[in-house]
Amino acid sequence: MSEAVVREGPRRRSMLSPGQMRRYLTYLILTAVCFIWIYPLLWMLSSSFKVPGQFFTGLGLFPQEIDFFNYPDAWTQANIGADFINTAIITVSGVLIVLFVSSTMGYALGRYSFPGKRIVIAFLGILVLIPQGYTIIPIFDLITAMHLDGNLFGIILAESGSAHIIIILLFAGYFAQIPRDLEEAATVDGAGFLRTFWQVMLPLAGPVIATGIILQFIASWNDFLIPLVLTLAQPALRTVAVGVYFLQGVNQTNWSELSAASTISLLPVVVVFLLFQRYFIDGMAAAVKQ
Amino acid sequence: MTASSGMVRARPVKPLGRRIWEARWCYLFMLPGIVLSVLFSLWPVVASWYYSLFNWDGINKVMYWAGLNNYRELVHDPTFWADFGRSFLFMVVTVPLEVGLALLVAVVLNDRSLRLAPLYRTLFFLPVVMTTAIMGIAMQFVFAAYQGPVNEALQALHLIKAPVSWLGQPSTVMATAIIIFVWKWMGQPMIYWLAALQTVPSDLYEAARVDGARGWERLRSITVPLVAPFGAIIVFIIAVGNLNVFAFLQALTGGGPDYASETMELFIYRWAFGAATGGASGTSLRLGYASAAAIFFGLAVMLIALPQIGLVARLRQRGFSLGRSIS
Numbered sequence: 002m003s004e005a006v007v008r009e010g011p012r013r014r015s016m017l018s019p020g021q022m023r024r025y026l027t028y029l030i031l032t033a034v035c036f037i038w039i040y041p042l043l044w045m046l047s048s049s050f051k052v053p054g055q056f057f058t059g060l061g062l063f064p065q066e067i068d069f070f071n072y073p074d075a076w077t078q079a080n081i082g083a084d085f086i087n088t089a090i091i092t093v094s095g096v097l098i099v100l101f102v103s104s105t106m107g108y109a110l111g112r113y114s115f116p117g118k119r120i121v122i123a124f125l126g127i128l129v130l131i132p133q134g135y136t137i138i139p140i141f142d143l144i145t146a147m148h149l150d151g152n153l154f155g156i157i158l159a160e161s162g163s164a165h166i167i168i169i170l171l172f173a174g175y176f177a178q179i180p181r182d183l184e185e186a187a188t189v190d191g192a193g194f195l196r197t198f199w200q201v202m203l204p205l206a207g208p209v210i211a212t213g214i215i216l217q218f219i220a221s222w223n224d225f226l227i228p229l230v231l232t233l234a235q236p237a238l239r240t241v242a243v244g245v246y247f248l249q250g251v252n253q254t255n256w257s258e259l260s261a262a263s264t265i266s267l268l269p270v271v272v273v274f275l276l277f278q279r280y281f282i283d284g285m286a287a288a289v290k291q
Numbered sequence: 108m109t110a111s112s113g114m115v116r117a118r119p120v121k122p123l124g125r126r127i128w129e130a131r132w133c134y135l136f137m138l139p140g141i142v143l144s145v146l147f148s149l150w151p152v153v154a155s156w157y158y159s160l161f162n163w164d165g166i167n168k169v170m171y172w173a174g175l176n177n178y179r180e181l182v183h184d185p186t187f188w189a190d191f192g193r194s195f196l197f198m199v200v201t202v203p204l205e206v207g208l209a210l211l212v213a214v215v216l217n218d219r220s221l222r223l224a225p226l227y228r229t230l231f232f233l234p235v236v237m238t239t240a241i242m243g244i245a246m247q248f249v250f251a252a253y254q255g256p257v258n259e260a261l262q263a264l265h266l267i268k269a270p271v272s273w274l275g276q277p278s279t280v281m282a283t284a285i286i287i288f289v290w291k292w293m294g295q296p297m298i299y300w301l302a303a304l305q306t307v308p309s310d311l312y313e314a315a316r317v318d319g320a321r322g323w324e325r326l327r328s329i330t331v332p333l334v335a336p337f338g339a340i341i342v343f344i345i346a347v348g349n350l351n352v353f354a355f356l357q358a359l360t361g362g363g364p365d366y367a368s369e370t371m372e373l374f375i376y377r378w379a380f381g382a383a384t385g386g387a388s389g390t391s392l393r394l395g396y397a398s399a400a401a402i403f404f405g406l407a408v409m410l411i412a413l414p415q416i417g418l419v420a421r422l423r424q425r426g427f428s429l430g431r432s433i434s
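As you go down the protein sequences, you meet chains A and B in turn. Everything in the first sequence is counted per my numbering, starting at 2 for the first residue and increasing by one. Everything in the second sequence is counted per my numbering, starting at 108 for the first residue and increasing by one.
Everything labelled a hint here was simulated from the structure, so no lab data went into it. Be aware that a few hints might be false.
[To be verified] Each computed SDA-like pair below joins lysine to any residue, with the alpha-carbon atoms no more than 20 Å apart:
id, chain 1, residue 1, chain 2, residue 2
1, B, Lys-168, A, His-148
2, B, Lys-291, A, Ala-220
3, A, Lys-118, A, Gln-178
4, B, Lys-291, B, Met-198
5, B, Lys-291, B, Met-281
6, A, Lys-118, A, Phe-194
7, B, Lys-268, B, Thr-279
8, B, Lys-168, A, Leu-149
9, B, Lys-168, A, Asp-142
10, B, Lys-121, B, Arg-131
11, B, Lys-291, A, Phe-36
12, B, Lys-268, B, Gln-254
13, B, Lys-168, A, Met-147
14, B, Lys-291, B, Val-347
15, A, Lys-118, B, Arg-126
16, B, Lys-121, A, Arg-119
17, B, Lys-291, B, Leu-196
18, A, Lys-118, B, Val-142
19, A, Lys-118, B, Val-145
20, A, Lys-118, B, Lys-121
21, B, Lys-291, A, Val-273
22, A, Lys-118, B, Trp-128
23, A, Lys-118, B, Val-120
24, B, Lys-168, A, Ala-234
25, B, Lys-168, A, Asp-150
Pulled out of the complex, with its shape left as it was, chain A reads as follows (with noise of 0.2 Å):
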């Protein structure tokens, strides 16, 4: 037994163990792997310092000349400054919208029953369904009968329209496990329902508030189609997604500015994400636990 320690000692230190050796392995393909993944992220990134004419310069990432000055055109003469302001109006009115919308609509649901609950939950499921392309041309036709086809609101309305399911079941399930002491303890210091709900229940489902703007924001800043369509007729209400798909195909497309225009615009998304990855990881699991 001696021996086998004698044997067995000089070997650990100079070879891995097979766990580690697998472990190191992994990391070494998880690596590889991940950098193609992101490598058509950081290309589009160094071909935004890119000169104008060395666009196409092979695979490299860093460019030979470095040229800032695609940011600054991006935002003026291809006006993406002003198309960032539009969507950050419109993503973070959408935000409190959809949350007023689900948290109430949610408590209602997680928290009583009433006639007609079923209908409300079957009403709601089906919504999922509908695709977006079936729904597109009655929205344009009511915002332009609504006349709010000519500022934001008409674009924060359509975007906040659409079920927002998953808000709304994170809510309802937050709710509906919150202990009853809470709310008859509220009720006997004669606090109503609105109270309830405002000063009781509200402030309790944080973590569901902080899910909730996370997703709602990333989905609002990355929309489309609803902005697009309504905005054919009005460049001046353009978000960055119409303003970058504008850019191309206009007279001699500039690349690089382009590649600037995009970065720019992913900037927030990317920032929110990195930094509340939780909150957005754990709702969008929460659509499948639930």
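With the hints as your guide, set chain B onto chain A.
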């Protein structure tokens, strides 16, 4: 308090009107959500039927009665049927690729001894949060025929002799679009699978290890049976999502070349709004015709999805459900 004592005794059946009145706050709380859903989801579904019976260019206020002419024309339009089939083909091909690849990555990342797994998870997930339309445009450069990085790399590896116009020819455009789509969205089912894998208790693995089960055996006899029910939900969510590919394809190919990558949504968009973007078609807009196509598409999606909802609902009943509430 009264509710709980009421439950101990035989539950008194209150008249419906009384119960509705007692729940008035619930209805008020649901009102904003219901109003928005009716305006922007239910009304459009109904209005599409109406529009589809007219000839209407969307610019003039006048709509001309067309009866069923739009439908009659549609069933004889070869582009419509090609696009209709392509939508579902796209879904049928991308779903198994996306969900399968995601399962593979999730199983690798679920290893608890990999301390850096969250970092890799973030990197794999990054394309999912990126604006789809902008990714589509960026991918035009990456797959560009002239000195695009993909062609450069494949030529350097001697896998192809001459650059290929991946997105510029009808024979390769769909396959290329499918590869890019799977790349863009794989992170989503990966997160779903990771969530599912985390529900498997780790002591089960420990017990299996003690019993001498090897990695592959553990995967087959523990992981797969326990996460299989989640698989049905994941496939369903991804399948419904993969019918909504407008932003992706419109930005990547615009449906071209020669309509070779046009799906139903792009067909609807082209007829309803296309000419306004300065499209080459030059024909006038036909919102009625587009509406008829939208109805065909919407009905087909419903017909495929509704039976699966029953299945998903049954699977969901195990965990949390909306039914759990104060009675």
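Each hint tested on the structure:
Distance restraint check for Lys-168/B and His-148/A: the Cα-Cα separation of roughly 14 Å lies within the 20 Å cut-off, and the hinted pair is therefore satisfied. About 15 Å separates the Cα atoms of Lys-291/B and Ala-220/A, which keeps this hinted pair within 20 Å; it holds. Annotation: proposed proximity of Lys-118/A to Gln-178/A holds, straight-line Cα distance about 18 Å (limit 20 Å). Restraint check for Lys-291/B and Met-198/B: satisfied, since their Cα atoms lie roughly 14 Å apart, inside the 20 Å limit.
A distance of roughly 15 Å separates the Cα atoms of Lys-291/B and Met-281/B; the hinted pair therefore holds under the 20 Å criterion. Of the pairs offered as hints, the one joining Lys-118/A and Phe-194/A holds, with about 18 Å between alpha carbons and a cut-off of 20 Å not exceeded. As the CA atoms of Lys-268/B and Thr-279/B are separated by approximately 16 Å, the hinted pair is consistent with the 20 Å bound. For the suggested pair Lys-168/B and Leu-149/A, the alpha carbons sit about 17 Å apart, so the restraint of at most 20 Å is met.
At roughly 11 Å between alpha-carbon atoms, Lys-168/B and Asp-142/A fall within 20 Å of each other, so this suggested pair holds. With a C-alpha separation of about 15 Å, the suggested pairing of Lys-121/B with Arg-131/B holds against the 20 Å cut-off. Among the hinted pairs, Lys-291/B with Phe-36/A is consistent with the structure: their alpha-carbon atoms are about 15 Å apart, no more than 20 Å. Among the hinted pairs, Lys-268/B with Gln-254/B is consistent with the structure: their alpha-carbon atoms are about 13 Å apart, no more than 20 Å.
Straight-line distance between C-alpha atoms of Lys-168/B and Met-147/A comes to about 15 Å, which keeps the hinted pair within the 20 Å bound. Distance hint between Lys-291/B and Val-347/B is fulfilled; the C-alpha atoms sit about 16 Å from each other, no more than 20 Å. At most 20 Å may separate the alpha-carbon atoms for a hinted pair to count; Lys-118/A and Arg-126/B meet this at roughly 12 Å. Of the supplied pair hints, the one linking Lys-121/B and Arg-119/A holds, its CA atoms being roughly 18 Å apart against a limit of 20 Å.
A threshold of 20 Å between alpha carbons decides the hint, and for Lys-291/B with Leu-196/B the separation of about 18 Å falls inside it, so the pair holds. Only pairs whose Cα atoms come within 20 Å are accepted, and Lys-118/A paired with Val-142/B is accepted, the gap being roughly 16 Å. Distance check on the hinted pair: Lys-118/A and Val-145/B sit about 16 Å apart at the alpha-carbon level, within 20 Å; holds. Proximity of Lys-118/A to Lys-121/B is assessed by CA-CA distance (about 17 Å); at most 20 Å being required, the pair is judged to hold.
Taking the CA atoms of Lys-291/B and Val-273/A, the gap is about 18 Å. The hint holds against a cut of 20 Å. Distance check on the hinted pair: Lys-118/A and Trp-128/B sit about 14 Å apart at the alpha-carbon level, within 20 Å; holds. Note on Lys-118/A and Val-120/B: the hinted pairing holds, with a Cα-Cα distance of about 17 Å set against a maximum of 20 Å. Between Lys-168/B and Ala-234/A the CA atoms are separated by roughly 16 Å; this keeps the pair inside 20 Å, and the hint holds.
For the proposed pair Lys-168/B and Asp-150/A, the alpha carbon gap of about 16 Å is at most 20 Å, so the pair holds.
Of the numbered hints given earlier, the model fails none.
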